[in-house]
Amino acid sequence: MTTEQPYWAELESTLNRMEGDTRRALPLEQVQRLHYLYERTSAGLVRLNTFASEPETRRYLESLIARAYGEIHETRDRQHRFSPLTWFFQTLPQTFRRHIRAFWLSVGLTVAGAIFGGFAVAYDPDAKAAVLPEMFANHLGDPSERVAREEKNPDKTSAGGMSSFSAQLMVNNIGVSIRAMAFGMTWGIGTIIILFYNGIILGLVAVDYVMAGQAVFLLGWLLPHGSIELPAVIIGGQAGLVIASALVGWGRRDTLRARLRAVTPDLTTLIFGVALMLVWAGIVEAFFSQYHEPVLPYWVKIAFGLVELTLLIAFLGLCGRKAEASPTRRSGAATLQPAHD
Amino acid sequence: MTKANTLLIRTPEGVVFSQTLAGPMSRCLALAIDLMAVMTAASMLSTLLMALRIIDPGFAQAMGILLSFVVWIGYSIFLEWFWRGQTFGKRVLRLRVVDAEGLRLKFSQVVIRNLLRFVDMLPLFYLVGGIACLLNRRSQRLGDVAANTIVIRIPKISEPNLEQLMAGKFNSLRAYPHLEARLRQRVSAGEASIALQAILRRDLFEPAARVELFAAIAEHFRSKVQFPQEASEGITDEQYIRNVVDSLYRPNRGSMKPARPEAEPVAVPQS
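These protein sequence lines map, in sequence, to chains A and B. Each residue of the first sequence is one higher than the last, beginning at 11 in the working numbering. Each residue of the second sequence is one higher than the last, beginning at 3 in the working numbering.
The shape of chain A in the complex, shown without the other chains:
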């Protein structure tokens, strides 16, 4: 043990150095030395296992080997330096496109919910009271009355009130999106329910306003924030469905653990993208969407919403395609992995 101790100490100090600054790549000789130390310590542990009287030393060696094992056998992409711009303009849209089927399924569920909600309110106006949650209480009355009321008192809230309203919206929507993702762990059932229910509310409110002849107000009110908010929640659902598909693993031969391990970075990327989108949507909703006709013409609001939607589609559909095409750059693309990994 006395002769081995210097090697253990050397391994420990090498590991400490590596863990302290993981961005630095080791030169070849040091990597070889690390591997030698790791193997020598492993051999020491194997020999020590035959002695029952050294639990402390064995635990010490096990912990050293566990750490060295993590460093040596890690084959996943090692992030050198996290670049927010690369992440935003390449990784995020690429990840979105990689799971495009889950996205379309998520859209389909929302649309199905919207059709259901639309039919419900068209055939039974009482359905509105049964389905709408408390936070939509101001939509319970007649849409035309609400439009008249909103247009009559344009400047009813202070800027301070707006910002806290905006914060409330961000927190609520990000919470819903995180839930839509997390509930993927229920084999997707929870995610499906959330998406469908969101669709119902959307369809219900939309059809209600259209039937009351307030389609223009509805578009002007919903489009500026909805064109970002709704896709964000749907992408949250997409992330949930990605988890669900990894859990179910239909027709795939890799293990559950391998499937989940493969999607973890993508889920993180998607959910951070969703959070960014919802921060933007929250600001727009509080400071822009709530102003109506006499203050802001509807066509401005509708045009703004359409421009946002076009930009979003272009961003998610086109960004990072060049990097995808060239394999050398793709390998360098950042996954969401801040500095010291």
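In short, the hints are calculated from the structure, not lab data. There may be inaccurate statements among the hints.
Unchecked claim - Pulled from the structure, derived: some chain A residues nowhere near chain B, Cβ distances all over 12 Å:
id, residue
1, L38
2, Y79
3, S174
4, A192
5, G223
6, L228
Claimed, not checked - With the Cβ distance kept under 8 Å, some of the chain A side facing chain B (calculated, not the full set):
id, residue
7, E39
8, I75
9, H83
10, T96
11, F193
12, R267
13, L270
14, R271
15, L277
What the hints assert, rightly or not - Stretches of chain B that chain A covers, calculated by requiring three or more beta carbons in the stretch to come under 8 Å of a beta carbon on chain A:
id, region
16, 18-26
17, 67-73
18, 147-153
19, 219-226
Here a beta-carbon is modelled for each residue, glycine too, at the ideal position from N, C-alpha and C.
Chain B: place on chain A using the hints.
Then chain B, alone, in the frame of chain A:
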């Protein structure tokens, strides 16, 4: 992966190392500590925002809503990333989140295991997570399953350092080298190992048991070699055993070899 609370990992070199899994109870306690930490942080934030309220109440409220959300969601993510798998609660209870396959913990794993708390918390008091943890062979809640992580106990690790055992302590037996030599001759490997382990683990015993144990061991070693009265006068049984260990294991004249050649395989396997 066979023992109930231990995860065994076999490396490609054929070496097996073990990680002790943390049980639901200790994780619950860690969570309680973390909740307290989050609440403390939130109340500190609201005190700070009180000052802002004087300038702009609406903005202060907005910041309050946003920051408490960020603290609530981000606390575990930030700390587990920053402290390599630990939060305040986990530090106190010596727990750590690690990759289930013994590899490095990745940022995305930390994010996913913490965001999936939303499912584990259901319907209340982490019932889903708790049940998953009890049923899972590796004590994983759903967030851990999705992120491929486990929570382990960290053993108190210190490089065993025999020289430090005697640091600053006077060994009264050294005055009698011939008796020390006789002691080395008469003590078997197993006996020496008992004395050494008793000294190494002395802080883990209950006080009464500690006194009793060292009395018994000291009695045994006294029967092996009779040191003069003044050598052991006024010292505790524990100190006596410490002296014996020093005499048995002390390297000769600064060389790295243990005191007597035949004592080498005693508690310390020869390398």
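So, going through the hints one by one against the coordinates:
Remark: the non-interface label on L38/A is consistent with the geometry, its nearest Cβ contact in chain B lying 20 Å away (cut-off 12 Å). For Y79/A, the condition that its CB be more than 12 Å from all CB atoms of chain B is violated, with the nearest at approximately 5 Å. Its beta-carbon lying about 4 Å from the closest one in chain B, S174/A breaks the requirement of being farther than 12 Å from that chain. Distance to chain B contradicts A192/A as a non-interface residue, since its nearest Cβ pair spans about 4 Å, not more than 12 Å.
Taking the minimum C-beta to C-beta distance to chain B, about 35 Å, the non-interface status of G223/A holds against the 12 Å cut. The Cβ of L228/A lies farther than 12 Å from every Cβ of chain B, with a closest approach of about 27 Å, so its non-interface assignment holds. With its C-beta approaching chain B no nearer than about 21 Å, E39/A sits outside the 8 Å limit, and its interface hint is violated. At about 5 Å, the closest approach between the beta carbon of I75/A and any beta carbon in chain B falls short of 8 Å, and the interface hint on this residue holds.
Against a cut-off of 8 Å between C-beta atoms, the interface hint on H83/A holds, since the closest Cβ of chain B lies about 6 Å away. A cut of 8 Å between beta carbons decides the hint on T96/A: the least distance to chain B is about 15 Å, and the hint is violated. At a threshold of 8 Å, the smallest CB-CB gap from F193/A to chain B is about 6 Å, leaving the interface hint in force. For R267/A, the interface hint holds, since its Cβ comes within 8 Å of a Cβ in chain B; the closest pair sits about 6 Å apart.
Checking L270/A against chain B by beta carbon gives a least distance of about 6 Å; that is within 8 Å, so the hint holds. Hint status for R271/A: holds, given a least beta-carbon distance of 5 Å to chain B, under 8 Å. Of the supplied interface hints, the one on L277/A holds, with its beta-carbon coming within about 6 Å of a beta-carbon of chain B, less than 8 Å. Taking a C-beta to C-beta cut-off of 8 Å, the region 18-26 of chain B contributes 3 residues in contact with chain A, enough for the three needed, and the coverage statement holds.
A stretch counts as covered by a chain when three or more of its residues have a beta carbon under 8 Å from one of that chain; for the region 67-73 of chain B and chain A the count is 3, and the coverage holds. For the region 147-153 of chain B, the assignment as covered by chain A holds, since 4 residues bring a beta-carbon within under 8 Å of that chain's beta-carbons and 3 suffice. Given a C-beta distance limit of less than 8 Å, the hint that chain A covers the region 219-226 of chain B is violated, as 0 residues qualify and 3 are needed.
Of the numbered hints given earlier, the model fails hints 2, 3, 4, 7, 10, 19; all others are met.
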